[in-house]
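Peer 1: Sequences are here, hints too, so could you generate the full structure?
First to last, the sequence lines map onto chains W and E. Residues in the first sequence are numbered consecutively from 388, following the working numbering. Residues in the second sequence are numbered consecutively from 1138, following the working numbering.
Don't read these hints as lab results, they were simulated from the structure. All C-beta atoms in this analysis are idealised placements derived from N, C-alpha and C, irrespective of residue type, glycine included. Where hints are given, some of them may not hold.
What the hints assert, rightly or not - So the derived label-pair ranges between C-beta atoms look like this:
| id | chain 1 | residue 1 | chain 2 | residue 2 | range |
| --- | --- | --- | --- | --- | --- |
| 1 | E | V1326 | W | V430 | 18 to 26 Å |
| 2 | W | V426 | E | V1155 | 22 to 30 Å |
| 3 | E | P1374 | W | T520 | 38 to 46 Å |
| 4 | W | W447 | E | A1237 | 17 to 25 Å |
| 5 | E | S1245 | W | N484 | 32 to 40 Å |
| 6 | W | D440 | E | I1305 | 26 to 34 Å |
| 7 | W | T438 | E | R1151 | 56 to 64 Å |
Claimed, not checked - Listing some non-contacts, in silico: residues in chain W with all C-beta distances to chain E over 12 Å:
| id | residue |
| --- | --- |
| 8 | W408 |
| 9 | V410 |
| 10 | I411 |
| 11 | F423 |
| 12 | V430 |
| 13 | T452 |
| 14 | A453 |
| 15 | G457 |
| 16 | A458 |
| 17 | L462 |
| 18 | P486 |
| 19 | A496 |
| 20 | V502 |
| 21 | A505 |
| 22 | S519 |
Here's the letter readout for the chains.
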Amino acid sequence: MSPQRAHNEVERETGHGTDLWRVIAAPIIWALHFLFCYVFVAVYCEKAGRTADLFEARLWVMGATALALGAIFWLTLRIWRVRARSVTDDDFEFEHNTPEERHRFLSHAALMLCVLSAVAVLYIVIPALYLSTCR
Amino acid sequence: MGQAGRAIDDRYWRLAFVAITAVSLGACSSQQSALHPAGEQARDVADLFWFMTISGALVWCIVMGTAIYAVLGKKRPRSERFADRFVLIGGVVFPTVGLAALLVYGLSMLPSWTETEAPDLRIHVVAEQFWWRMAYEGADGVRIDTANELHLPLNATAEFVLTSTDVIHSFWIPSLGGKMDAIPGRTNVLRLTSSKAGVYRGVCAEFCGPSHALMAFPVVVHEADDFASWLEQQRRPAAASTGAGAEAFRAAGCGACHTVRGVSEAGSVGPDLTHFGSRRTLGAGTLPLTAAHLADWLVAPEHIKPGVRMPSFATLPDAERDAIVQFLLELK
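Peer 2: See below:
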């Protein structure tokens, strides 16, 4: 059964298979980045002593941040094609229990989570820019 | 509700007004107020507070203004494009950028901690339930022990080396700057720079037991010369080492816990009392130091300060206790 189209709906890819992982992938990257930043710097400082300079640790944190943001960006690109287009959602009617609707809805949620995760990763890294020693 | 009901209502309102005013006026003393900065670090904290408060008020006005407009404004429908942008800018971009700006402003005030410059003065502070052991590090490295009262020179940077012997305490002089925890087995360092002479109040800012609220200390910021003479006076041994008072002090066993340099130097469980008579307060900021309070303290310290380690000396003959009180007050 094909769902009814909204008046301005266009044909797009809807995704297929069981790709629920896409929904949680970005928050997982956020969590891993968070853990890496805190655990790495804790271990670094424990080994280097309290007065040690944080420059090297900061480079690692920056690297991890670039990697995390890159991965989130790549995920976002893939989801962009599947999502329902509008934030306020007038271009697609989620009223039928079809695979297309489910994919679009989940992709929409996943896209939001991607944005949230990217912002969270940035917020985590801002304090690192202001810390100069292990103290 | 009749006339009587309205009268009662009025009375309640008046009572509520008086109560709220009284409570807020209680905060007007500037002795212990982060909003009346008397030091460089406290000024930063106060600036940060006002910046955050004004920014928060601004955001509140924008949000409430929007809500009021949504309810009372024109009732014509908006385009989907407008709605999209409104949600995107108002709900995503504005909070993200706004919070990031506030975060960056707050973080920019973090002390650099890389300072290699030596401080003008170093003071070792050990927090204990429920008092402060303080030792001034002299130029020659010799420590001058005192307790429960801090003196600082004006316009100088003091470094506090903080630790604790029992539980976690926190060293906070709101008028001079932010707080720093004193943690058993760990040494934390805090630097404060005074900028205004006066008497302030420091407190313990981490709940540490029954007398947590009674674990305070006066902070006297004075001119460099006055400070130097105060420190010189603290360096000297006790003023009176003989006489009936000193004898009574020794006989009662006070020296087992308290050091009075020149009289009894064996005990270090309790505060150093060498210049006790020159201090402003009794029991770490608990009571003003007077003969009557001190006599009460010797009889029932537990009543004045719950959880205090000092035992009662109620069993001493009155004459001996009075002699000890006089002796302690003379330790200027």
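Peer 1: Confirm or reject each hint.
Peer 2: Hints, one by one, checked against the model:
1. E:V1326 to W:V430: 18 to 26 Å: At roughly 23 Å between Cβ atoms, V430 of chain W and V1326 of chain E fall inside 18 to 26 Å, so the hint holds.
2. W:V426 to E:V1155: 22 to 30 Å: 54 Å, violated
3. E:P1374 to W:T520: 38 to 46 Å: The hint (38 to 46 Å, Cβ to Cβ) holds, given that P1374 of chain E and T520 of chain W are roughly 41 Å apart.
4. W:W447 to E:A1237: 17 to 25 Å: 22 Å, holds
5. E:S1245 to W:N484: 32 to 40 Å: 52 Å, violated
6. W:D440 to E:I1305: 26 to 34 Å: At roughly 28 Å between Cβ atoms, I1305 of chain E and D440 of chain W fall inside 26 to 34 Å, so the hint holds.
7. W:T438 to E:R1151: 56 to 64 Å: Holds, at about 60 Å.
8. W408: Given that every Cβ of chain E is farther than 12 Å from that of W408 of chain W, nearest at about 24 Å, it holds.
9. V410: 19 Å, holds
10. I411: 20 Å, holds
11. F423: Holds, since 20 Å exceeds 12 Å.
12. V430: 18 Å, holds
13. T452: Holds, since 14 Å exceeds 12 Å.
14. A453: Given a closest Cβ separation of 18 Å, the condition holds.
15. G457: 19 Å, holds
16. A458: 20 Å, holds
17. L462: 18 Å, holds
18. P486: 26 Å, holds
19. A496: Nearest chain E Cβ is 15 Å from A496 of chain W, so the label holds.
20. V502: 7 Å, violated
21. A505: 10 Å, violated
22. S519: 5 Å, violated
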